[in-house]
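Peer 1: The residues making up each chain are set out below.
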Amino acid sequence: MKTLLKVFKWATVRMERGAKEKNHLLYKPYSLNGIIAKEPTSLEEELKEIRRNGSSRELDGSASTTTGPSPSSSEFEMSDTFYFCRRGIESIVDDEVTKRFSSEELESWNLLTRSNYNFHHISTRLTVLWGLGVVIRYGFLLPLRLTLAITGVSLLVVFTTMIGFLPNGSMKNFLSEKVHLMCYRICVRALTAIITYHHSENKPKNGGICVANHTSPIDVIILASDGCYAMVGQIHGGLMGIIQRSMVKACPHIWFERSEVKDRHLVAKRLSDHVQDKSKLPILIFPEGTCINNTSVMMFKKGSFEIGSTVYPVAIKYDPRFGEAFWNSSKFGMVNYLLRMMSSWAIVCSVWYLPPMSRQEGEDAVQFANRVKAAIARQGGLVDLLWDGGLKRGKVKETFKEEQQKLYSKILVGTQEDRSRS
Amino acid sequence: MGSTNSTLLKIPNVEVLMQETGFSPAHIIRLHDRFKALDKEGRGYLCPQDFGAIKELAMNPIGDRIIGAFFSPGKETVDFHAFVKILAHFRPVDKDRPKEPNSPEPINSRSNKLKFAFQLYDQDKDGKISRDELLKVLRAMLGMQVTEEQLESIADRTIQEADLDRDDAISFEEFRKSLEKVNIDHKMSIRFLR
Chain A
1 MKTLLKVFKW ATVRMERGAK EKNHLLYKPY SLNGIIAKEP TSLEEELKEI
51 RRNGSSRELD GSASTTTGPS PSSSEFEMSD TFYFCRRGIE SIVDDEVTKR
101 FSSEELESWN LLTRSNYNFH HISTRLTVLW GLGVVIRYGF LLPLRLTLAI
151 TGVSLLVVFT TMIGFLPNGS MKNFLSEKVH LMCYRICVRA LTAIITYHHS
201 ENKPKNGGIC VANHTSPIDV IILASDGCYA MVGQIHGGLM GIIQRSMVKA
251 CPHIWFERSE VKDRHLVAKR LSDHVQDKSK LPILIFPEGT CINNTSVMMF
301 KKGSFEIGST VYPVAIKYDP RFGEAFWNSS KFGMVNYLLR MMSSWAIVCS
351 VWYLPPMSRQ EGEDAVQFAN RVKAAIARQG GLVDLLWDGG LKRGKVKETF
401 KEEQQKLYSK ILVGTQEDRS RS
Chain B
1 MGSTNSTLLK IPNVEVLMQE TGFSPAHIIR LHDRFKALDK EGRGYLCPQD
51 FGAIKELAMN PIGDRIIGAF FSPGKETVDF HAFVKILAHF RPVDKDRPKE
101 PNSPEPINSR SNKLKFAFQL YDQDKDGKIS RDELLKVLRA MLGMQVTEEQ
151 LESIADRTIQ EADLDRDDAI SFEEFRKSLE KVNIDHKMSI RFLR
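Here the protein sequences come in this chain order: A and B.
Counted from 1, the first sequence has number 238 at position 238 by full-length UniProt numbering; the numbering is strictly sequential.
Counted from 1, the second sequence has number 20 at position 20 by full-length UniProt numbering; the numbering is strictly sequential.
Among the hints, erroneous ones may be present.
Claimed, not checked - Derived SDA-like pairs: lysine to any residue, alpha-carbon spacing no greater than 20 Å straight-line:
{"#": "1", "chain 1": "A", "residue 1": "Lys410", "chain 2": "B", "residue 2": "Lys55"}
{"#": "2", "chain 1": "A", "residue 1": "Lys410", "chain 2": "B", "residue 2": "Lys75"}
{"#": "3", "chain 1": "A", "residue 1": "Lys317", "chain 2": "A", "residue 2": "Ser200"}
{"#": "4", "chain 1": "B", "residue 1": "Lys181", "chain 2": "B", "residue 2": "Ser111"}
{"#": "5", "chain 1": "B", "residue 1": "Lys136", "chain 2": "A", "residue 2": "Lys280"}
{"#": "6", "chain 1": "A", "residue 1": "Lys406", "chain 2": "B", "residue 2": "Glu148"}
{"#": "7", "chain 1": "A", "residue 1": "Lys401", "chain 2": "B", "residue 2": "Asp64"}
{"#": "8", "chain 1": "A", "residue 1": "Lys269", "chain 2": "A", "residue 2": "Pro252"}
{"#": "9", "chain 1": "B", "residue 1": "Lys136", "chain 2": "A", "residue 2": "Lys269"}
{"#": "10", "chain 1": "A", "residue 1": "Lys401", "chain 2": "B", "residue 2": "Lys136"}
{"#": "11", "chain 1": "A", "residue 1": "Lys406", "chain 2": "B", "residue 2": "Glu149"}
{"#": "12", "chain 1": "A", "residue 1": "Lys269", "chain 2": "A", "residue 2": "Lys280"}
{"#": "13", "chain 1": "A", "residue 1": "Lys410", "chain 2": "B", "residue 2": "Val146"}
{"#": "14", "chain 1": "B", "residue 1": "Lys55", "chain 2": "A", "residue 2": "Val383"}
{"#": "15", "chain 1": "A", "residue 1": "Lys269", "chain 2": "A", "residue 2": "Thr310"}
{"#": "16", "chain 1": "B", "residue 1": "Lys55", "chain 2": "A", "residue 2": "Glu403"}
{"#": "17", "chain 1": "A", "residue 1": "Lys406", "chain 2": "B", "residue 2": "Lys75"}
{"#": "18", "chain 1": "B", "residue 1": "Lys75", "chain 2": "B", "residue 2": "Glu149"}
{"#": "19", "chain 1": "A", "residue 1": "Lys410", "chain 2": "B", "residue 2": "Ser111"}
Claimed, not checked - What follows is a list of derived Cβ distance ranges for each label pair:
{"#": "20", "chain 1": "B", "residue 1": "Gly127", "chain 2": "A", "residue 2": "Glu402", "range": "55 to 61 Å"}
{"#": "21", "chain 1": "B", "residue 1": "Leu135", "chain 2": "A", "residue 2": "Ser272", "range": "34 to 40 Å"}
{"#": "22", "chain 1": "A", "residue 1": "Ser272", "chain 2": "B", "residue 2": "Ala37", "range": "39 to 45 Å"}
{"#": "23", "chain 1": "B", "residue 1": "Gln150", "chain 2": "A", "residue 2": "Lys278", "range": "56 to 62 Å"}
{"#": "24", "chain 1": "A", "residue 1": "Asn336", "chain 2": "B", "residue 2": "Gly52", "range": "26 to 32 Å"}
Source of the hints: derived by calculation from the structure; they are not laboratory data.
Keep in mind it's a predicted model, so treat the numbers as computed, not measured.
Beta carbons are placed, not taken as given, at the ideal position from N, Cα and C, and that holds for glycine.
Chain A extracted, bound-state conformation (with noise of 0.2 Å):
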C-alpha cells in the first residue's frame, strides 16, 4: 500500500508540473481565495457610520436626556438601504453556504477527469498518462475491488446470522465484534482505504455516544473497521435491509421504522435507553443530518446532545487529492457513487479520536453541540459553520430574515421610544 501511495504521490506531482508547463492560466479554484474580501462588520455599526457622514439634521437636544451613547439621530435615512444592497450583491458574487455542497476544488489534478472541470487536450504525453490511468483504475482495480466488496458484504450477513443463533453472553459478543470487524476491514480493503487513526486512547467506550462529522456513507465503515459501535439508522428495503436485519442479530443496533424517525421524543427514549445499558456498544451518529464536502462543519443536530451522557468526539479528514469521498446525493445516486467511489486511487483519511466531552453545568443541547462541534472542526482543519446542513435542500427558515429586520427596527424604533420618554 505505501508503495502505492508512493506513486501516486509522485503521479501527482508530475501531473501538477506537466499542467503549469501546458497551461499558463490554471484553473484557480475560487473557492480557495474569494471573490472579495467582505468586511466583518455589523449593521448597527454600518448605519451609524453612514448616518455619521450624511445626516443633515441637527444633532438632537434630548441628547443630554439618553442615557449611554448617543447616536446623531436614529431615523430612517434613504441609505440605510445601502447597507442590505450592498451585502445582497456580495452574497450573490460569494457566499458561504452554496460551496460547500459540492466537490472541493483540487488545486492539481489527479488524473480523474471528475475532477477537473474544464479536462480538455493540453498534451499528448498528459492525455496518454492518464489514458494508462483509466486502463489500471478500470480494468485492474474496480473488478479487484468488486469482489472484495462482494465477499466482504456477504459474509457479514452469513456470520451474523450464524452468531444470531447463538445465546445471549459473553462468547457471542465477541465473537461478533471478531466478525464485525472482519468484515468490515474486508470492506475497507474494497475501497482502498488508507486510513491513519490518531489518538485511539480515545477511543469510544461502552456506554457513550461517537459523534462525528458526515461526509459519505464510507464514513460508518472507515470507523467501524476500528472498533465496534452500535448504528443508528431508518430501515431500508432491499440489500440494505438484508444486511442491516443480519447485524441486529449479532449484537444491538438501533434501527427506526421510517415512521419513527419523525418521533423524535421516541427516538431520544431509545438512544438513552441504550446509552445507560454500559454492556452495549456505543452509539455512532453524525449530528449534521446530512453530507457536507469536507471543507468545513456544519450545524450539529442538538438531539444527540440531549441525552446526557458522554460524548466522544470523532474528527473525519479526507485527502481529496486521491479519490473526491463526498456523496452529492442530488447529483448522483448511491450505486453510482459507489463506483467513483471503486473507481478512484484510493481514499485516504485521518481520522482523530478527540478527548471525550460531557455537558457541563449551565449548559444547554444547543451550546454543548457547538462546543463539540468546534473541537471537530478545529481538529480536522474545517471551517466551523453555523449554517444548518438542511439548506442542502430546503429553503432558508423566514426566521433568519427576522432576525435582520428585528436588528434593524431595534436601531430605529428602540431609540425613538427612547427620544418619546424624554
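Using the hints provided, position chain B relative to the given structure of chain A.
Peer 2: For chain B alone, coordinates are given in the frame of chain A:
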C-alpha cells in the same frame, strides 16, 4: 495572467464587456465561474429561482428587490453580460481616471450607483419614489417588528424632509440631494480581490 487563457476566449464579446465594466480579465473569469456555479443546469442564463437559491440572499430583507434589479422589465432571464454589467455598479470608483468629455459615464460612477439604489425603491420605474413605494421598502426592511402607524410616521417624515417640490414623492434629484454627504463610493462598493 496569460492571454492564452481559453476560458476567457469562450465568453463572447469579452473585450467589449471588460471595457464597458472596467473589470480585469481575472475578475471576469471569477465572475464567470460564479455565474456557472449559480446556473446549475448549465443553460447559459439565470432566472430568479437561481438567485433565490443563494441562502444569504434569501435572508436579506430586500433580497427580492435586489434580484429584481438584475432582470430588465419583462425579461425572465439574465445572461452573463447583463449579470456582469449589474455587478459593475459595485466596483469601487476609479479615482484616477482621466475625464474624457466624450466618453460615456462609467457604470460604477457615483451617479450610477445612486441610480441603482433609487431603482430599488422605485419599482414601477416612473422616476419617483411615491409614499406607497417608500412604505413597501420600509415594511420589507422592518417586517412585523413595527406597527403600521410607526411605518407611516417614518415615511411621512422622510418625504417631508426630502421632498423639495412638494409633490408628495421623491424624484431622483431630490434623492441625490438628500444623500449628498453620504460616502456612496464606500457604501455601495465591493472590494474585488485579485
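Peer 1: With reference to the structure, classify each hint as holding or not holding.
Peer 2: Right, here's what the structure says about each hint:
1. Restraint check: the Cα-Cα separation between A:Lys410 and B:Lys55 comes to about 24 Å, which exceeds 20 Å; the hinted pair is violated.
2. Straight-line distance between C-alpha atoms of A:Lys410 and B:Lys75 comes to about 37 Å, which puts the hinted pair past the 20 Å bound.
3. A distance of roughly 16 Å separates the Cα atoms of A:Lys317 and A:Ser200; the hinted pair therefore holds under the 20 Å criterion.
4. With a CA separation close to 13 Å, the supplied pair B:Lys181 and B:Ser111 stays within the 20 Å bound.
5. The hinted pair formed by B:Lys136 and A:Lys280 fails the criterion: a straight-line CA distance of about 60 Å is larger than 20 Å.
6. For the suggested pair A:Lys406 and B:Glu148, the alpha carbons sit about 15 Å apart, so the restraint of at most 20 Å is met.
7. Taking the CA atoms of A:Lys401 and B:Asp64, the gap is about 12 Å. The hint holds against a cut of 20 Å.
8. For a cut-off of 20 Å, the pair hint linking A:Lys269 to A:Pro252 stands: about 15 Å separates their Cα positions.
9. Restraint check for B:Lys136 and A:Lys269: not satisfied, since their Cα atoms lie roughly 48 Å apart, outside the 20 Å limit.
10. For the hint linking A:Lys401 to B:Lys136, the alpha-carbon distance of about 16 Å falls within 20 Å, and the restraint holds.
11. With a C-alpha separation of about 17 Å, the suggested pairing of A:Lys406 with B:Glu149 holds against the 20 Å cut-off.
12. For a cut-off of 20 Å, the pair hint linking A:Lys269 to A:Lys280 stands: about 15 Å separates their Cα positions.
13. About 9 Å separates the Cα atoms of A:Lys410 and B:Val146, which keeps this hinted pair within 20 Å; it holds.
14. For the proposed pair B:Lys55 and A:Val383, the alpha carbon gap of about 18 Å is at most 20 Å, so the pair holds.
15. Restraint check: the Cα-Cα separation between A:Lys269 and A:Thr310 comes to about 16 Å, which is no more than 20 Å; the hinted pair holds.
16. Proximity of B:Lys55 to A:Glu403 is assessed by CA-CA distance (about 14 Å); at most 20 Å being required, the pair is judged to hold.
17. Annotation: proposed proximity of A:Lys406 to B:Lys75 is violated, straight-line Cα distance about 34 Å (limit 20 Å).
18. The hinted pair formed by B:Lys75 and B:Glu149 fails the criterion: a straight-line CA distance of about 36 Å is larger than 20 Å.
19. For the given pair, A:Lys410 sits about 31 Å from B:Ser111 by alpha-carbon distance, which is inconsistent with the 20 Å threshold.
20. A beta carbon spacing of about 33 Å between B:Gly127 and A:Glu402 contradicts the range 55 to 61 Å that was offered as a hint.
21. Checked against the hint of 34 to 40 Å, the pair B:Leu135 and A:Ser272 fails, with Cβ atoms roughly 52 Å apart.
22. Roughly 43 Å separates the CB atoms of A:Ser272 and B:Ala37, a value that falls within the hinted 39 to 45 Å.
23. Take B:Gln150 and A:Lys278: their Cβ atoms lie about 60 Å apart, and the range 56 to 62 Å holds.
24. Separation of A:Asn336 from B:Gly52 is about 28 Å and conforms to the stated range, judged on CB atoms against 26 to 32 Å.
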